[in-house]
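Q: Kindly generate the complete structure, drawing on both the sequences and the hints.
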Amino acid sequence: MTGIRLRLSAGMGVALSMVVGLANPPPAIADQPPTARAQVQHLLRRLAFSASPATVSAVAAAGSDVWLRAQLTPSGIDDSAAIASLEPEPTTTNPDGTIPNEFAYERRFIQRAVRSLRQVQMKLVLHWIDHFAIGDEKVHDQAMMSRYETVLRNGGLGNFEQLVAAVAAEPAMLIWLDNDGNAAPIPNENFARELMQIYLMGVDRLNADGSVIPGPNGNPLPNYSQADVQQVALAMTGFNVVWNDSDPNPNTGFAVSFDPRSHYPGARQIMGQTVQVPSNATCMTAIIHFLVRQPSVAPFQVRELLQRFVTEAPSPRYIADIVQVWNAHLDDPNQLANVLWAIAHHPEFNTTYRSMPKQPVELVLGALRQLPGVLRPSVGQGPGDDLVSGGWLTLLGQEPYFPPSVFSFYRPGQLSSLTNTNLVLQRTGTFTDVAGSKPSDDTANVLIDIQALRTRVGSTAGPKIAAYLLDALVDGGTPALQQTMASYLGAKPDDDQLRGALWLLLNSPSYAVN
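Residue 204 in my numbering sits at position 203 of the sequence shown; the count goes up by one each step and never skips.
In short, the hints are calculated from the structure, not lab data.
Fair warning: this is a prediction, and the values are worked out from it, not measured in the lab.
Mixed in with the good hints, there may be bad ones.
[Claimed, not checked] The calculated DSS-like cross-link candidates involving lysine-lysine, where the alpha carbons are at most 30 Å apart (straight line), are: (1) Lys139 - Lys359; (2) Lys493 - Lys439; (3) Lys439 - Lys359; (4) Lys465 - Lys359; (5) Lys465 - Lys493; (6) Lys465 - Lys439.
A: Next comes the structure, spelled out in structure tokens:
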């Protein structure tokens, strides 16, 4: 790993010791409402992977609504340059059937998230891969995982029912939750249970404001029973993942087939209603069509969207207001885009300024987008040389293709579970490499280009550089952080001082929150 030299003034040493010692910095809502510029930065952190000061200025000048309206129709944004910059995906398998350089698929996801102009679309992908969590430890096919990611990207701002139907029929999901080869009359119930419990409505019945509906004994009323799980499982039998051994392309050598002989058709009794199940591959969409219209689905989904994008404790009013939008657009092809628009325009959106811990993915990708970040194809062997495959996102506890369970990296409302003393130490190590590596380091592929940063600032003066970095990373920073940066950088900082200043800001409690 690359070393970094820091010249510590007395004040800087105190600040650094505070950073290292603060294992779980508490989110703190600003004492005063954010400025107009800070509101733009807030929007770009929550619904995107942050942005450079120049982009913030451009969005502020044009108006946030102009930016958001364009983002919610991503097909209208020319993203060809970002796509062309991605490293190539493998197009042939090895003689033993394995995929050469298979982690290129994961790196392409990271590269796209950093470089894409379709930022809301990419931020939604992070949400959906957490919500519809699957992992390559069981799927064992990164090409299949990448195809799944594409489905989430293409449908993430569309219609929820269509997205769920597409997810349910994906080979990676069929394998992940044991619906591959599932046959009547005694099917595996994993997918049916998780579809209702995690992906659609949750265990308890909910009011429109997200509150639990109590039963006669005071306990929550359940949404479904074990018998309902069995009936849903029977209705979704007959699907199989098949491989074409004559096709060496890992991206096209698999498909999904439906075998009616393994299917259990007919009328199913689900949640007190009779659902007619076709005896063909549309059986899955018929069940999903029924389930997504259950009353608890909208508040369950809206609450989770708010917990991931706005606040971990959304008010009942916020949930109820967005649920109305969800239900009003239930059959619209751009249902989810309308929901995101309403979330961002709700009066409570800006009251949550700097109130949520950043996920590890947000910490790293935000730095690469707010500063002149460099992402190169994997060139080294150590954990500091990459973001995936044992690299920094792995060490930080959030490598996107490898969630620890069907509940993903954290349950909604429990972001604090991603932060502990060990992970904070890993974070300081990550930013030591990111800030300390140089383009000339032949084993570093994740770094900040210091010379490009100087060019962006347009000045060698310490106060100008400090102001730029503070604006880019911490919305201008607190008075104490401003004073520390000014004192450390001095009149004309050299490259090592610049790297030290970056390290401090990236590890500061101010940068750790959204």
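Q: Quickly compare the C-alpha distance for Lys139 and Lys359 to 30 Å and report which way the hint goes.
A: Judged against 30 Å, a Cα distance of about 28 Å means the pair holds.
Q: Between Lys465 and Lys493, does the CA-CA distance stay at or below 30 Å?
A: holds (10 Å)
Q: Checking one constraint from the list: CA of Lys439 to CA of Lys359, max 30 Å. Satisfied?
A: Within the cut-off at roughly 26 Å; holds.
Q: Does Lys439 sit within 30 Å of Lys493, going by the straight-line distance between their CA atoms?
A: Holds, at about 20 Å.
Q: Measure nothing beyond the straight line between the CA atoms of Lys465 and Lys359; if it is 30 Å or shorter, mark the hint as holding.
A: Status holds; Cα separation ~27 Å.
Q: Is Lys465 within 30 Å of Lys439, Cα to Cα?
A: Judged against 30 Å, a Cα distance of about 22 Å means the pair holds.
Of the numbered hints stated above, none is contradicted by the structure.
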